[in-house]
Structure formats: structure tokens, C-alpha cells
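Trainee: Quick mapping for you: the protein sequence lines, in order, are chains V and X. For the first sequence, this note's numbering assigns the number 1 to the initial residue and increments by one for each residue that follows. For the second sequence, this note's numbering assigns the number 1 to the initial residue and increments by one for each residue that follows.
Because identical chains share one entry, a pair is satisfied inside a single copy or across any pair of copies.
Using 27 Å as the maximum straight-line C-alpha spacing, the simulated DSSO-like pairs for lysine-lysine come out as follows:
no.: 1; residue 1: Lys424; residue 2: Lys40
no.: 2; residue 1: Lys424; residue 2: Lys317
no.: 3; residue 1: Lys317; residue 2: Lys179
no.: 4; residue 1: Lys150; residue 2: Lys206
no.: 5; residue 1: Lys179; residue 2: Lys158
no.: 6; residue 1: Lys29; residue 2: Lys113
no.: 7; residue 1: Lys424; residue 2: Lys468
no.: 8; residue 1: Lys317; residue 2: Lys42
no.: 9; residue 1: Lys317; residue 2: Lys124
no.: 10; residue 1: Lys42; residue 2: Lys424
no.: 11; residue 1: Lys158; residue 2: Lys206
no.: 12; residue 1: Lys113; residue 2: Lys42
no.: 13; residue 1: Lys468; residue 2: Lys40
no.: 14; residue 1: Lys179; residue 2: Lys206
no.: 15; residue 1: Lys317; residue 2: Lys40
no.: 16; residue 1: Lys158; residue 2: Lys317
no.: 17; residue 1: Lys415; residue 2: Lys468
Don't read these hints as lab results, they were simulated from the structure.
2 protein chains.
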Amino acid sequence: MSASQGLNDCSRGYATQLDNQDTLRHLRKEFIIPTKADLKSKTLANSASTSENDDQPCIYFCGNSLGLQPRRTSERIISHLTSWAKKGVYGHFTQHEDSNLPPYLHVDDFAAKLMAPLVGALPKEVALMQTLTANLHLMMASFYRPTEDKYKIILEGKAFPSDHYAVESQIRHHGFDPKEAMILIEPESSGSPTISESHILSIIEKHASSTALILLPGVQYYTGQYLDIERITSYAHNLGLTVGWDLAHAVGNVPLQLHGWNVDFAVWCNYKYIDSGPGVIGGLFVHSRHGEVDLSARQDGGAGFRPRLSGWWGGDKDTRFKMDSDFVPIPGAPGFQLSNPSVLDLTAVIASLEVFALTSMAAIREKSIALTSYLEDLLLLAPAAAEFDEKCLPYQIITPSNIAERGAQLSLLLKPGLLEGVMKALEDAGVVVDERRPNVIRVAPAPLYNTFTEVWEFVHIFKVACLKAQSGR
Amino acid sequence: MSASQGLNDCSRGYATQLDNQDTLRHLRKEFIIPTKADLKSKTLANSASTSENDDQPCIYFCGNSLGLQPRRTSERIISHLTSWAKKGVYGHFTQHEDSNLPPYLHVDDFAAKLMAPLVGALPKEVALMQTLTANLHLMMASFYRPTEDKYKIILEGKAFPSDHYAVESQIRHHGFDPKEAMILIEPESSGSPTISESHILSIIEKHASSTALILLPGVQYYTGQYLDIERITSYAHNLGLTVGWDLAHAVGNVPLQLHGWNVDFAVWCNYKYIDSGPGVIGGLFVHSRHGEVDLSARQDGGAGFRPRLSGWWGGDKDTRFKMDSDFVPIPGAPGFQLSNPSVLDLTAVIASLEVFALTSMAAIREKSIALTSYLEDLLLLAPAAAEFDEKCLPYQIITPSNIAERGAQLSLLLKPGLLEGVMKALEDAGVVVDERRPNVIRVAPAPLYNTFTEVWEFVHIFKVACLKAQSGR
Ligand SMILES: Cc1ncc(COP(=O)(O)O)c(C=O)c1O
Ligand SMILES: Cc1ncc(COP(=O)(O)O)c(C=O)c1O
Numbered sequence: 001m002s003a004s005q006g007l008n009d010c011s012r013g014y015a016t017q018l019d020n021q022d023t024l025r026h027l028r029k030e031f032i033i034p035t036k037a038d039l040k041s042k043t044l045a046n047s048a049s050t051s052e053n054d055d056q057p058c059i060y061f062c063g064n065s066l067g068l069q070p071r072r073t074s075e076r077i078i079s080h081l082t083s084w085a086k087k088g089v090y091g092h093f094t095q096h097e098d099s100n101l102p103p104y105l106h107v108d109d110f111a112a113k114l115m116a117p118l119v120g121a122l123p124k125e126v127a128l129m130q131t132l133t134a135n136l137h138l139m140m141a142s143f144y145r146p147t148e149d150k151y152k153i154i155l156e157g158k159a160f161p162s163d164h165y166a167v168e169s170q171i172r173h174h175g176f177d178p179k180e181a182m183i184l185i186e187p188e189s190s191g192s193p194t195i196s197e198s199h200i201l202s203i204i205e206k207h208a209s210s211t212a213l214i215l216l217p218g219v220q221y222y223t224g225q226y227l228d229i230e231r232i233t234s235y236a237h238n239l240g241l242t243v244g245w246d247l248a249h250a251v252g253n254v255p256l257q258l259h260g261w262n263v264d265f266a267v268w269c270n271y272k273y274i275d276s277g278p279g280v281i282g283g284l285f286v287h288s289r290h291g292e293v294d295l296s297a298r299q300d301g302g303a304g305f306r307p308r309l310s311g312w313w314g315g316d317k318d319t320r321f322k323m324d325s326d327f328v329p330i331p332g333a334p335g336f337q338l339s340n341p342s343v344l345d346l347t348a349v350i351a352s353l354e355v356f357a358l359t360s361m362a363a364i365r366e367k368s369i370a371l372t373s374y375l376e377d378l379l380l381l382a383p384a385a386a387e388f389d390e391k392c393l394p395y396q397i398i399t400p401s402n403i404a405e406r407g408a409q410l411s412l413l414l415k416p417g418l419l420e421g422v423m424k425a426l427e428d429a430g431v432v433v434d435e436r437r438p439n440v441i442r443v444a445p446a447p448l449y450n451t452f453t454e455v456w457e458f459v460h461i462f463k464v465a466c467l468k469a470q471s472g473r
Numbered sequence: 001m002s003a004s005q006g007l008n009d010c011s012r013g014y015a016t017q018l019d020n021q022d023t024l025r026h027l028r029k030e031f032i033i034p035t036k037a038d039l040k041s042k043t044l045a046n047s048a049s050t051s052e053n054d055d056q057p058c059i060y061f062c063g064n065s066l067g068l069q070p071r072r073t074s075e076r077i078i079s080h081l082t083s084w085a086k087k088g089v090y091g092h093f094t095q096h097e098d099s100n101l102p103p104y105l106h107v108d109d110f111a112a113k114l115m116a117p118l119v120g121a122l123p124k125e126v127a128l129m130q131t132l133t134a135n136l137h138l139m140m141a142s143f144y145r146p147t148e149d150k151y152k153i154i155l156e157g158k159a160f161p162s163d164h165y166a167v168e169s170q171i172r173h174h175g176f177d178p179k180e181a182m183i184l185i186e187p188e189s190s191g192s193p194t195i196s197e198s199h200i201l202s203i204i205e206k207h208a209s210s211t212a213l214i215l216l217p218g219v220q221y222y223t224g225q226y227l228d229i230e231r232i233t234s235y236a237h238n239l240g241l242t243v244g245w246d247l248a249h250a251v252g253n254v255p256l257q258l259h260g261w262n263v264d265f266a267v268w269c270n271y272k273y274i275d276s277g278p279g280v281i282g283g284l285f286v287h288s289r290h291g292e293v294d295l296s297a298r299q300d301g302g303a304g305f306r307p308r309l310s311g312w313w314g315g316d317k318d319t320r321f322k323m324d325s326d327f328v329p330i331p332g333a334p335g336f337q338l339s340n341p342s343v344l345d346l347t348a349v350i351a352s353l354e355v356f357a358l359t360s361m362a363a364i365r366e367k368s369i370a371l372t373s374y375l376e377d378l379l380l381l382a383p384a385a386a387e388f389d390e391k392c393l394p395y396q397i398i399t400p401s402n403i404a405e406r407g408a409q410l411s412l413l414l415k416p417g418l419l420e421g422v423m424k425a426l427e428d429a430g431v432v433v434d435e436r437r438p439n440v441i442r443v444a445p446a447p448l449y450n451t452f453t454e455v456w457e458f459v460h461i462f463k464v465a466c467l468k469a470q471s472g473r
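Model the full structure from these sequences, guided by the hints.
Mentor: Spelled out as C-alpha cells, the structure:
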């Protein structure tokens, strides 16, 4: 189903109307939207702005790369800094009456509990720790246990480079040859960079008997394609295979049901749609069935839990400070924790998750579908596209038009030679999007803080930018 | 050599005199010292304090666990938050004229350069990333490459639990049996928990032919013993063995010369003597000789670099955003990076390192030796100890008395039954130290912010606390 139907009204007034109907519009004020002057300023201090226009908020459609800052983030962080300043090491155990932050010792559980509904997990299936790529390695240490017969990892040919490197190095780590053991899924046709699910399933089937792990993106970073996680996971399970998911672009973007979909494990970062700041602590999901700890099995000489690379913070909380050398993991995802986590980072994540807790992923998704469909409509439909040669737009949307197969982001493939000029014009106009050279820009209206009017304005500015770049001006 | 000689003057006045002579005393004001009221307060907001005494700074001797907060930390963090709020994703590339923080893209190098002198490394030998235990795993993935003949890891029997678990799980990961492959160094005599270097060397020699890795602490967390890193490393190298160092309690405490000592690798955290906050991002050192990247070797079919678990942030900066799938690491420690790092955390580390840059590790060590020796003297020497039965102190210092074999910390073994009462009395008096059940308290005057007068006061309060606990009051 495409939402690109029946946009009759291409006026700015209609965008205003959509904003007025938006049930999440009150959430925009939870965020600090940079002004156009802010983006241009060479200082952090407020500069006397040069023009009235510069005082206007910019159009920030780059939440797929680095989300905007919730207003409450700095408040929460100052609370945390005050706690550390006033309590020192006692902060590990102190609950302050006038702070909603927990003692440091429990901040991991506290944050995981807030995160769980966003990914459709039980609280014990989520851990916030390390960073995406590190978590991917830690998960592979547990879930990629190759044997002579089953050693391959299936992933996309155009996986995010960090995932590619991580997989390649894991394969080498176990003494296999990436040339043989890395099965790269490439698009079927050279005309489209998206990958059909049937193609993915066919490759999984083809290599099933020699495959040890599948790694796929929930939402593909380049094309914005949203894969059917449940279907692919279930297909792989039927073949006895394990699937891990990179949810960098999915978490906070689309509603996930990781527990219900029976996902084995997943990893993500929290600096994109979660809005917790550059490089902030990441997250992981381990399905409850993989996180079990069975102490009776230990008495029989078994390990009693899945193999993993361990650290003290994954150890049972009651015995953690006894400092003995017998590792008994916390059941669930926290049992994969290694270290006492950054309270500063977790505080930023908690602040963001408080904003998410003001609504639901279902409501966010509903707005997101409307917002991105509106963007698609304005980009594609006449008369909105009438500025351009009929049927000859200087750009093409490579993201699937089926709303079930995408999240917030649309990726626009520009005609060769336009990217630099278009990006320059957008930047000059105070529009922030993300480029992927040579010819793609990724445009992601974030449902928590973006508006339909911004979409309308973006499309206007973008088309003028294309025309300018085309005419070489 | 013991410094415990010739303390003739046990008066408070003498402590004041030592403070007046302290060339680092101006650095104390760089830190926020909690007041006694702060420690007791149930709120973050300033409470109307109950007594004048409560307005006094507490005595914080717990920098070995969680260091105090530098005053500039919150300033720097607010700068960073402002940059993120005003620039969004442009913050990755923007240098603000009124901020001494670099663009996010270079914050890793910037912080590593500030850290390098503290550990005696070339800037390219340091990376700030992940957490201690994660870094230990990542280093072991590269440096622990067991074979059928050489597979053992030598470590202390009383290693910090996270190190023990990490090593154990790595051994299992490679299919070996920890019972056989973990060689635990235990103290020679049951009378003392410290381990002589000759004993360590003898165990290394005994297992040399079957050992793949040695892991040791620079400063032992429990006893405070400071090992001769250079000597042990060189001894192991002569036997063809690799040694990794856990420097959690050494960094920022004792001057290190990791490059000059030819150390293979080291890992540490930055929340103890570095003062960067609970769970903050960790650090690692890889000697330049292990970090080389030789592209010509690649053309000959070799890898061209040490094996490692990889991620995009370890890839050459110039090609990182080209998003291709050919991993070429940055030469040195940054080539072991996985992910874009937390700018929030690195900002906290940078703030701390700015304070360290106001002096030198040599000056810090000089004060530290004086401070800790003074603590030792007051604890042990008559007439200071005269409150107790002659020759029958209710505590014993288990940290080596040789100043070359210890850092800031003294570990006091209390007579059985005293710990709880002593800790309670110390807490009531606004003294923060760290307990290790059943009978040890660790006392660490931090040379950057502690004073001789605090040491004097601590000893007075501590002795009264012991007397009280002894008499069961
Ligand atoms: C000696 C030592 N090693 C390792 C660790 C574990 O550190 P992390 O939780 O940062 O991995 C600690 C923590 O206090 C420590 O003291
Ligand atoms: C899809 C995807 N995977 C992995 C990563 C790497 O994330 P990190 O640097 O946090 O490990 C990113 C970063 O943008 C990403 O977009």
C-alpha cells in the first residue's frame, strides 16, 4: 500500500492544517531546534543575529544521523553532575528525593526498563551498554560459534561498513576466510539498491546448511528500506539459523516487537531517533530464551548459561561486590554487561526516553507515516512537481514506496552532478539533511519534533535547489 | 626504602606546615569537595545545614574508587551540550571560536593526546573508548591467540573479578579449560596478601612454554601494591611472552612510561584517579610496534596489520565516510577503535585531563609519596599510636611499606569484628573511605585534592573509631 494517493492540496495552508491536526505536535517543544543563525554561528555564545530570518528554526531532517537534543537532557545531566559533586562514591547508593534519577548502581536497570517498550522487549531482554559495534562483537562472541561445517555469515553487500568490518574480523578471528565465509546479499537488479525479501530468503535458503549466523538491518541506512523482521527471523529459525539485527535506524523510528517476533539478538545506537547525543552509549536485546541461567545445570557440570565474553557487571547483583571468582550471570540481557556503565551517558538516554514515554511508538509511527507520505507526495506528485520537466524529475526516491517497508527516512537519488550544488543551497537555506556521495541525500522528518509545514518548506527549497543546480547557477 | 622514619612532630600544626609547603595545594580548588552536609543530604538542592560542622568539607579518601568532580567538568559539559543543541549534526565538523572542545569528529584524538603524557605513551599509542573490561576483551581478541601448545593465561588468584571473568571467558571462547589454562598467582605466604615480584617471575618462568598471555595489575586494587611493570614486562619478553596490564588503579596515580617500558598493551578506566565520573569511557594503550599498518604487506596477500575485532571508527579517517568495505586501520591504538565515541564522556575526560595538564605526573607523585608516607607514619608510629596497647594496633597496613611498591592507597586490615563499627563512625564523621569485606578498608589520599591536614584528621578520627569499635560502643 502506498500512501501517495490523493494529495489534492499542495498549498502551505494544507500543511498548517495537518500540523493543527497532529496529536503529537506538543512534543516539538520538548526539543531544542537550532535556529538558522545557530547553524551558521562560529561561536557557542548567542551572536547578535544578522537577519530576522536567521532567528527562525532551521529545518532539521537529519535525525537519522544525529537526533536533536531534548530540553530536559541538560537538566537531567546537571542533576547527575550535582549528585556526583555532592555525594562522590555515595552516589552509587543514594536516591535523592528531588531527583528522578536512580542511584548509579541501578541506573542500568532503570534505563533498560524505559527502553524496553520501544523495542517490544521484556525489561530483562534489554541492556544499555558500550556502543553498537562493540555490542555486535559481544553478541557475535556468543551467537557466532562456527564449526567446520557451519561457519558462514550472511549479510548485505552494502551493509553499514562497521557491520561489514565487524563480521569480516569475526570470521578471521575464528580462522575462516571471509572470501568464502561472508555471504553478501546484493540487490537483484542494478536498477534498484533495495533488496526484495524473497531474494533475502532465497539466499538464506541457499546457504542454510553452511551458515552459522545472519546479520541484517532493521531499517537499511542507505535506502531506508524496512525489512520484515518477523518474517525473516521465522524463516531462518525454520532452517535452524540464528539472526541478529542491526537496529541503528529502526529503534525509535518504527515500533518493534523483538520479543514477540522471537528475535535472537539485536544491537543499536541511541544517537539517531533516540536523541541522546553523539556517540552515546548503545543498546542490545537478547531474547529471554537465550538469557536463561540454570544453576542446577551448573551442578551437573554444565555452564548453566549461554557462552559469552564476561565481565563483573554481568554478574548477579547480590554477589557482585563479594569479589569472588565464580561468575553467575544476571538472567537476561544484563548478564552480557561487562562494566559499570557511564552514568552521564545513561542520564542522557533516560532524558530522551522520558520524552518517548509521553507518547507511544504506535502514535509516533502513525505520525511518521503521515509525515513521510506527505513528503513523498509533495516530491513526486504533479502539480507539485510541475516545476520540472514532466516525468523527468532530477531525483528519484530509492526508498520503497510501500509504507510498510520504510520508516521516517526517504533517500533521494539525485541526477549525477547535482549533489554538491543542492547540498550547498540547502545549507544556505538552513535545511539540514545528510549526504551519501556520490548522489544520494537522506531526508528524515522525525515525528517527535518535525512538522508538516517543515516538510512543505523543505520540498519548496529542495526543488529550487535542484533547479539552480541543474542550471549550473 | 620506607618513608616511615623520623616523624617527630605528630601535631596538627605540623600538618598545616606541610600543606603550606605543598606546591600543588592550589589544585584543590579545581575540585568540588562535598561538604559533610552534602553527604548526608537526602536532596540535591542545598539544604539548610543543621550544624556549622556540617558546612565543612568532608574528608574524601576514596579517589581510588570514584574520583571527585573537577569544577570545570560541568562547564565543559554545558559547552558540549550547547554545541549539540545549536549545531546538531554539524557539530561533528564545527570548531567554535569560544570553546576549547574540538569538533566531535576529532574529540577522540584530542583526548588521547592529553592522556598520553599520563601513561608515558606516544599520542598514537592511546585510544579512549568503551570501558575497561570491554577493552580488555578487545585486546585479548588481538593478543590472546592460543594454540594447542601455548594457551595459558597467567594472572593473579585475587585479580579484580572482572579481569578474572574476562580471562576465564576468553579461555572458554577458544575451547580451552580454565581449570588447566588459567594460571593463578597466589601469595607465597598466607600471612600477607601481597605477592613478591620474584614469585611472579618464577611462575612466569615455570609456565613460559605453554603460556600465551600474562595479565597483571599495575597497582593491585586490594593491597595497593604497585608492581614493577618494566621489570616484569622485560622478563616476560625475554621468554617470548606478551604481557597486558590492568591500570585501573595506576593511571593518574603513579607516573607510567608504557612506551619506554615496552609494554605490549594496557587498559584502564577513567573514573578513579582521573576523576571523570562514574562509569565514564575507558582507555587503552597499544605499543606502537603492535599498531603498525603496512600496506605493502597487504599487496603481498598479508593482512598488513595485527588481527583484531574491527569497526568503522578504527578505519583510516580519510576513507571512513567513503563507506567502502575495505578495512584499513588507523596506525596505532586508534586502529582498535570500533565506534564513534561518546562526546559527552570524552568531554568529561578532557575536563579532567586539563587539570592534570596544570602539573605533571612527577609532581603529583612527589606529593603523593609525601601524603601517603605521612598517613603511614601517623598510623604506625608512636606516640601517634599510643592510644592503643603498645605493639598491638587493631589494624595492620597490608600495602607494601616500600614507597616504590605502592601508589596513593594504603589498605588497612582491621582486626576481625571492627569493620562495621569503624565504617559507621567514619561515615558519621564525614570521612569517606572504601571497605572490602570482611576486614579491609582502603584509604587513598588523592594528591590532586587531598591535604596533609585531612590525613592528620583522618588518623585522629580513625583511631577514635577503632577504639570505639573495640570497646563495642
Ligand atoms: C582493577 C580493576 N579492574 C577492572 C575493573 C572493572 O572496571 P569496569 O567496570 O570499568 O570494566 C575495576 C573496577 O573498579 C578495577 O578496579
Ligand atoms: C546501520 C549502522 N550500523 C552501525 C553503525 C555504527 O555505529 P557505532 O559507531 O555506534 O558503532 C551505524 C552508525 O551510524 C549505523 O548507521
